[in-house]
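Working from the sequences, and respecting the hints, build out all of it.
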Amino acid sequence: MAQYILKRFLLMIPTLFGVAVLIFLLLRVVPGDVVEIRFAAQGQYSSEDVLAIERARLGLDKPIWQQFTTWMGGLLRLDFGLSMWTGAPITEEIKLRFELSLQLAIMATVVATLLAIPLGILAAIKQDTWIDYAVRVFSIAGLAMPSFWLGILMILAMLIIFKWLPPMVYTPFWVNPWENLAQLIWPALAVGYRYSAVATRMMRSSMLEVLREDYIRTARAKGLWLKLILTRHAMKNAMLPVLTVIGLEFAFLMGGLVVTEQVFNLNGLGMLFVEAIARRDYTLTQALVLIVAAVFIFVNFATDIAYAWLDPRIRYR
Amino acid sequence: MAVTKETLEDLASAQKPRPRWLQASYDFTWQRPLGAIGAVIIIVMVFIALTANWLAPYDALATDYAAMLAAPSGTHWLGTDSFGRDVLSRVIYGSRTALIVGLGASFIGATLGALIGVASAYFGGRVDLIVQRIIDVLISFPLIILALAVVAILGTGLENVILAIAIPMIPRCARVVRSSALAVREMPYVDAARAAGFTDARIVLRHMLPNVMAPYLIMLTAFLSQAILLEASLSFLGLGVQEPVAAWGLMLRGAAIEFAETAPWMAIFPGLAISLAVFAFNLFGDSLRDALDPKLRTQ
Chain A
58 MAQYILKRFL LMIPTLFGVA VLIFLLLRVV PGDVVEIRFA AQGQYSSEDV
108 LAIERARLGL DKPIWQQFTT WMGGLLRLDF GLSMWTGAPI TEEIKLRFEL
158 SLQLAIMATV VATLLAIPLG ILAAIKQDTW IDYAVRVFSI AGLAMPSFWL
208 GILMILAMLI IFKWLPPMVY TPFWVNPWEN LAQLIWPALA VGYRYSAVAT
258 RMMRSSMLEV LREDYIRTAR AKGLWLKLIL TRHAMKNAML PVLTVIGLEF
308 AFLMGGLVVT EQVFNLNGLG MLFVEAIARR DYTLTQALVL IVAAVFIFVN
358 FATDIAYAWL DPRIRYR
Chain B
203 MAVTKETLED LASAQKPRPR WLQASYDFTW QRPLGAIGAV IIIVMVFIAL
253 TANWLAPYDA LATDYAAMLA APSGTHWLGT DSFGRDVLSR VIYGSRTALI
303 VGLGASFIGA TLGALIGVAS AYFGGRVDLI VQRIIDVLIS FPLIILALAV
353 VAILGTGLEN VILAIAIPMI PRCARVVRSS ALAVREMPYV DAARAAGFTD
403 ARIVLRHMLP NVMAPYLIML TAFLSQAILL EASLSFLGLG VQEPVAAWGL
453 MLRGAAIEFA ETAPWMAIFP GLAISLAVFA FNLFGDSLRD ALDPKLRTQ
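Going down the list, the sequences are from chains A and B. The opening residue of the first sequence carries number 58 in our numbering; numbering runs sequentially from there. The opening residue of the second sequence carries number 203 in our numbering; numbering runs sequentially from there.
Simulated from the structure, these hints should not be mistaken for laboratory data. Since this is a predicted model, take the numbers as computed values, not measurements. Incorrect hints may have been included.
[Unchecked claim] DEER-style ranges, computed between Cβ atoms: (1) F125(A) x L263(B): 39 to 49 Å; (2) D492(B) x L171(A): 20 to 30 Å; (3) G130(A) x G399(B): 44 to 54 Å; (4) A98(A) x G359(B): 15 to 25 Å; (5) D492(B) x L159(A): 31 to 41 Å; (6) Q101(A) x G359(B): 23 to 33 Å; (7) A278(A) x A398(B): 54 to 64 Å.
Beta carbons are placed, not taken as given, at the ideal position from N, Cα and C, and that holds for glycine.
In structure tokens form, the structure reads like this:
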């Protein structure tokens, strides 16, 4: 087991390195650079010399491999460097937004889990009844509705019915928990509903599979209480694939909520990414992509380990 | 009971074996009614997209400043937007954009992915290892992040959006197809083909690719709904299809939110169209997956 964990852990490093190389190269292919865009935004004419001085200040005049090694050297010391646009340290730029994205991801995951597990189990035990069909339609509708549109509808409904709008400025949780939740609960519901769809379907099918196992029949034959069979025997084993789905979705929630953030006017990692790439802020974009990819790779790793730990039958290679 | 000419003809036609595709679609409808409902919605949508010129009551681009933000009525069934453009006509024309991007992106993504997956499985060894590591890297990006990066490089517009959506799909399809192709590679006919001295390209394209059709089609249909959603998201952000082209995501942008309180139809109908399209492709894709490969029946 320890060897397996170590091997999986070490495999994360080349993948992350690959992500770093890829985003580094991709950004250099994007036409235009931060200096051009900033001077264009200021609307004044600047000679090539001024641009060249600015590029030299940011280190953009150096050969690409040298820029890459400088960046990598910083990363090894856990130093993401300075934002090319604002000049502030990237850790500072990201900190608040990371908190917001993390909180939203956690809340959406909680919503998704609270919906998915009971609904999935219910659909499985009532297979092929109207309850099952209702749950399936509910979840497939969740997959179909873009969460940003659901968000628009929610805001619209609150506006028209209650004449009330959720706060549009982010307040950190410890400053004013009430204000914070009043704002974030809506996007969490919109996103959580959508993400619960996949998990509900997974819960249902995996529960159906487990319920057909011999040991469940044995438990029933010896007259065990149905509720106990479900919670103690069936659920525990059916949860595995659901955990994977929820885990991977959590990772995507960290960076993939670009559009929902836009609707709810949230300054999360997704919006920051769009901004950074539009400004050709290489250092900030690189850091963001690396963080999102690292979360994804780590969650992937963690679910694999949890899998191997929870189900002794599975020991990958 | 009198035997009429009609009933005899009915009997005769019932005896005649139906063409295979007809029988297959008949079975599919019978066994998977939900999938059939999805298919019907898709067919209707394709029909609407093809005949948009005749169906749409107005030109999708025609502005009418006398009727800006008009509520749904007899003249404008779904109302008008802030430029006085007919929302119904734009929703109808929007189905073209959605289908072109959806079909284009998922076809390119799934096909290239399948090719890479099969080739990776066929060559095996070091090639496979390298390809798999590259796929690991590409899969670590959320779909939309990679699509946004591609848009930044290529620029916006219909063709670029298709590519931007197709590219993140390639590694996902390659991974799934590869696992099926690994089993195909061990088949005697592949050995036979190799013994007969066929080229690698021929074995991959003619012998292995046709035998991973099931996962290929499953991925293709699954991508369809994702591509439509992703196009809507990109267009909503202003990084997809550009005005004045009619696209559902684009219709939800800007004025639709600004005037949401006074003109909610602008925000409601395009979203409904997106949801219905994705719903239909999901229903159809799910049933197709169940029908093609019971083993993959996981969700």
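Would you list, in rising numerical order, the hints stated earlier that this structure does not obey?
-> none
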